[in-house]
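Asker: Based on the provided sequences and hints, a complete structural model is requested.
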Amino acid sequence: MTADSGMRNIFGSNSTVGGGGGGGVFGGPNNGRTIAGSGGTITSANPSGGCSSALLQKQMSFKTSVGANQLSKADEIEVIESANMDGGSNRYNKNTALGWICCAPCIWLRTSATVHKIAITTATLLVTSLLVASPILFLISTAPSQLPRDCYTDDDDCMPTTAPPPECVDAVCRIAASSIQAKLNWHLDPCTEFKNFSCSATVHGSGLISLRAMRSAQEAVDMQMQQLLQHNTTSGPFRKLGRLFGSCLRQTTNSSTIQLVLEQLGGYLPIGALGPSSISNLISKIYELGPTPLVDIYYDLSYGRRPHVLLIISGPSTSAPILENKIRWMGPKAPPYSMKQGEPKLLNSLLESFLPSGLTYDQKASENEAISTFIRALNKICVEHSRRGFWNSSVFYNISAVQEQYPILNWSTLIPSNWSGPIVVRSSDYLKAVEQLLTKYPTRVAHNSLLLLFALGILPQDKPNPTVCTRSTMWALPDITSALYVAQHSSDDLNDVIRRTEVVFKSLKAHLKRAPSLKGAALVKLSALKIQSQPWNGFTNFTAMIRQLESIEITTDNWFENVLKIYKRNRIVPESINVEMDSHDAWAYPIVAKIFYDTLSHSIVVPLSVILVPYFDDRLPPYLQYASVGVAIAKEILRSITKTFEDKAMRCVPKSVNIFSNYSRMDILIQSGGMQISYHSMLSLTGPIKGMARLPGLNLTPTQIFFLVSAQELCAESDYTGIDTDASEFEDILGWLVAQGGSATEVFKCPSGSMINAQKTCNVL
Numbered sequence: 033m034t035a036d037s038g039m040r041n042i043f044g045s046n047s048t049v050g051g052g053g054g055g056g057v058f059g060g061p062n063n064g065r066t067i068a069g070s071g072g073t074i075t076s077a078n079p080s081g082g083c084s085s086a087l088l089q090k091q092m093s094f095k096t097s098v099g100a101n102q103l104s105k106a107d108e109i110e111v112i113e114s115a116n117m118d119g120g121s122n123r124y125n126k127n128t129a130l131g132w133i134c135c136a137p138c139i140w141l142r143t144s145a146t147v148h149k150i151a152i153t154t155a156t157l158l159v160t161s162l163l164v165a166s167p168i169l170f171l172i173s174t175a176p177s178q179l180p181r182d183c184y185t186d187d188d189d190c191m192p193t194t195a196p197p198p199e200c201v202d203a204v205c206r207i208a209a210s211s212i213q214a215k216l217n218w219h220l221d222p223c224t225e226f227k228n229f230s231c232s233a234t235v236h237g238s239g240l241i242s243l244r245a246m247r248s249a250q251e252a253v254d255m256q257m258q259q260l261l262q263h264n265t266t267s268g269p270f271r272k273l274g275r276l277f278g279s280c281l282r283q284t285t286n287s288s289t290i291q292l293v294l295e296q297l298g299g300y301l302p303i304g305a306l307g308p309s310s311i312s313n314l315i316s317k318i319y320e321l322g323p324t325p326l327v328d329i330y331y332d333l334s335y336g337r338r339p340h341v342l343l344i345i346s347g348p349s350t351s352a353p354i355l356e357n358k359i360r361w362m363g364p365k366a367p368p369y370s371m372k373q374g375e376p377k378l379l380n381s382l383l384e385s386f387l388p389s390g391l392t393y394d395q396k397a398s399e400n401e402a403i404s405t406f407i408r409a410l411n412k413i414c415v416e417h418s419r420r421g422f423w424n425s426s427v428f429y430n431i432s433a434v435q436e437q438y439p440i441l442n443w444s445t446l447i448p449s450n451w452s453g454p455i456v457v458r459s460s461d462y463l464k465a466v467e468q469l470l471t472k473y474p475t476r477v478a479h480n481s482l483l484l485l486f487a488l489g490i491l492p493q494d495k496p497n498p499t500v501c502t503r504s505t506m507w508a509l510p511d512i513t514s515a516l517y518v519a520q521h522s523s524d525d526l527n528d529v530i531r532r533t534e535v536v537f538k539s540l541k542a543h544l545k546r547a548p549s550l551k552g553a554a555l556v557k558l559s560a561l562k563i564q565s566q567p568w569n570g571f572t573n574f575t576a577m578i579r580q581l582e583s584i585e586i587t588t589d590n591w592f593e594n595v596l597k598i599y600k601r602n603r604i605v606p607e608s609i610n611v612e613m614d615s616h617d618a619w620a621y622p623i624v625a626k627i628f629y630d631t632l633s634h635s636i637v638v639p640l641s642v643i644l645v646p647y648f649d650d651r652l653p654p655y656l657q658y659a660s661v662g663v664a665i666a667k668e669i670l671r672s673i674t675k676t677f678e679d680k681a682m683r684c685v686p687k688s689v690n691i692f693s694n695y696s697r698m699d700i701l702i703q704s705g706g707m708q709i710s711y712h713s714m715l716s717l718t719g720p721i722k723g724m725a726r727l728p729g730l731n732l733t734p735t736q737i738f739f740l741v742s743a744q745e746l747c748a749e750s751d752y753t754g755i756d757t758d759a760s761e762f763e764d765i766l767g768w769l770v771a772q773g774g775s776a777t778e779v780f781k782c783p784s785g786s787m788i789n790a791q792k793t794c795n796v797l
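Numbering (my numbering), first residue to last: 33 to 797.
No lab work stands behind these hints: they were computed from the structure. Note that the structure is a prediction, hence the values are computed from the model and not measured. Be careful, since some hints might not be right.
Claimed, not checked - Result set (DSS-like, lysine-lysine): computed pairs, CA atoms no more than 30 Å apart in a straight line:
(1) Lys-412 / Lys-377
(2) Lys-680 / Lys-377
(3) Lys-472 / Lys-412
(4) Lys-358 / Lys-562
(5) Lys-272 / Lys-396
(6) Lys-551 / Lys-472
(7) Lys-495 / Lys-272
(8) Lys-600 / Lys-272
(9) Lys-557 / Lys-358
(10) Lys-317 / Lys-396
(11) Lys-464 / Lys-358
(12) Lys-412 / Lys-396
(13) Lys-377 / Lys-358
(14) Lys-377 / Lys-272
(15) Lys-600 / Lys-495
(16) Lys-557 / Lys-680
Answerer: The structure is reproduced here in structure tokens:
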């Protein structure tokens with residue numbers, strides 16, 4: 033597959049990845065390309081003549097009266113549903129007709145040649161008889177004028193106006209409009225049912241959701257990688273990657289390999305057995321084989337111009353989706369992992385093979401309940417502490433000091449004995465909470481539960497299928513799969529999209545610097561903040577990647593064994609650490625579509641999969657770029673310049689936030705702040721609304737489209753990560769977010785008491 037065809041596939045062009053089927057993000061044929069090879073910076077497109085805000089509202093926005101759902105009345109709505117991509121006739125606009133009736137006399141007087149001749153004759157007689165100058169002015173003032181392009185009534189006034197901003201005529205704009213249209217339900221009122229209005233998937237007679245609807249960035253890259261793994265790895269240099277993918281499809285929870293490994297770690301401790309005095313020995317054994325379910329140990333750099341290496345102890349892998357190199361500064365990093373509460377999906381299936389067959393029904397039920405309860409409690413602790421920053425860290429300078437402070441584990445078996453550098457415990461509260469948890473349960477239950485958690489951390493996250501195994505293969509070998517992904521895109525396209533990302537970042541920073549509430553340390557941190565959207569140069573070193581892949585022994589039918597081999601390869605001993613570092617640059621895995629803030633480099637790290645999306649095409653109006661990528665970057669800027677908004681989060685964020693099992697109140701509040709920052713930055717960058725081209729067939733203002741696209745992006749991302757977007761709690765949160773994220777109340781002209789109007793309660797800045 034060529035680079036150009038790879039780019040086109042994101043839009044769903046006829047070219048498929050590796051010869052596979054299916055369209056890309058939009059899913060339709062001949063949808064164009066994603067990123068222009070050359071294009072201007074993000075500025076206002078085609079600033080046209082003046083158009084008053086009153087006309088813009090009358091012509092291009094919703095009109096809802098208090099206590100009535102005007103959107104359901106064909107003769108009182110000013111949003112033209114007919115402009116749908118599905119075709120249809122335009123709705124009749126009563127106000128436009130009344131406006132022309134009002135203006136007809138005025139227009140006739142100004143354009144009639146007969147009236148003009150009468151005026152000239154009268155003026156000539158007056159000049160002849162009175163010889164005064166005033167009739168000359170009358171002659172000039174009554175000359176025929178150009179027919180006004182539009183006219184509307186405003187109370188008792190009749191006012192000619194200029195036309196609304198021009199439509200974008202590029203094919204990519206029609207595709208974007210089609211994508212937005214595919215999720216809109218024009219029969220609902222956005223002021224009272226914003227979620228259902230903006231995120232109602234169009235279902236065809238076949239029961240399939242419209243393929244024109246935009247997918248999340250992560251779903252788009254997963255679809256592309258699935259095609260590559262299924263069709264481009266059967267032979268050639270990436271055949272071992274295809275072999276790993278195939279072993280995932282054949283993996284079962286009752287595998288003899290899993291049972292053998294768990295037996296080596298101590299195996300199942302039966303009811304009535306005396307458990308170990310401590311779980312330290314078990315964790316040490318697990319650490320020799322693979323990732324532990326309690327702690328993660330890795331190496332990173334300190335601050336300053338002359339950084340030195342730190343050994344960092346954190347909770348169970350803060351980047352669980354990626355089995356990455358433990359020396360974090362020597363390669364790409366994964367974003368912090370949003371862990372899910374509750375039980376892993378494969379727990380019950382694994383329990384069936386783990387518990388002895390000789391147990392009675394009641395004994396199995398009792399063991400199942402005890403293990404499940406322990407895992408849920410531990411998972412809750414991990415979720416509560418997984419996003420804490422380095423400001424909650426403790427620094428030690430020897431192993432004995434760590435052992436004295438945290439006796440929960442035998443640290444001498446986890447930390448290399450010859451390590452003499454600083455030891456950073458990232459979250460003291462987490463280790464204390466785990467220590468309290470272990471005192472509440474018999475060590476036998478803790479032993480059995482941790483064995484299962486270890487196995488679940490290596491197995492695929494769900495029952496094997498092509499989608500699940502694509503994600504798992506990307507997790508197990510992120511460097512190799514990232515190189516395969518980057519190879520599908522041309523360097524010119526990558527350079528163009530990276531440049532425009534930097535433009536958006538600078539405009540967001542410039543807007544924040546003007547915020548009156550941003551002072552002191554926060555302003556200093558903002559000024560020093562950088563963005564890192566360049567891909568790691570290792571991904572383009574094709575020869576080195578293939579050599580690395582060839583060095584791994586991968587069997588065709590044993591995923592569990594393959595991953596343990598990969599983990600062993602990534603184990604690092606301090607002697608092999610290269611301390612000659614040039615900078616704190618933080619690189620991202622391009623296949624993980626999540627922007628994140630890296631503390632040590634003080635930079636916003638942007639993966640390629642986030643910016644190689646259709647809405648970031650340089651031919652599209654700026655409001656689409658700011659509603660998608662702009663909001664995502666703004667969220668992490670906000671996270672980088674402040675430690676906490678906990679008090680405000682507790683006051684502002686509705687309790688319905690619980691629907692987001694992956695999100696805390698803080699994350700929802702920052703989502704709101706990101707929308708606010710991106711919205712106002714977009715307006716300040718592009719000038720008045722009239723300067724932005726409209727999307728064809730969507731009679732919506734740019735600001736309305738901004739909120740709709742922001743909502744649709746969140747809906748798509750949430751749905752793909754397993755959040756119930758049909759729940760009433762999600763609807764409440766989405767309505768709340770839109771109310772906070774700019775001026776949605778005014779944009780949609782929501783009456784007092786509506787959902788959006790009533791909930792504007794929390795300004796992050």
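Asker: Hints first: check each against the structure and report whether it holds.
Answerer: Now for the hints, and whether the structure bears them out:
no. : hint              : in the structure
1   : Lys-412 / Lys-377 : holds, 16 Å
2   : Lys-680 / Lys-377 : violated, 34 Å
3   : Lys-472 / Lys-412 : holds, 15 Å
4   : Lys-358 / Lys-562 : holds, 24 Å
5   : Lys-272 / Lys-396 : violated, 40 Å
6   : Lys-551 / Lys-472 : violated, 46 Å
7   : Lys-495 / Lys-272 : holds, 22 Å
8   : Lys-600 / Lys-272 : holds, 17 Å
9   : Lys-557 / Lys-358 : holds, 28 Å
10  : Lys-317 / Lys-396 : holds, 27 Å
11  : Lys-464 / Lys-358 : holds, 24 Å
12  : Lys-412 / Lys-396 : holds, 24 Å
13  : Lys-377 / Lys-358 : holds, 27 Å
14  : Lys-377 / Lys-272 : holds, 28 Å
15  : Lys-600 / Lys-495 : holds, 25 Å
16  : Lys-557 / Lys-680 : holds, 21 Å
Hint violations for this structure: numbers 2, 5, 6, all remaining hints satisfied.
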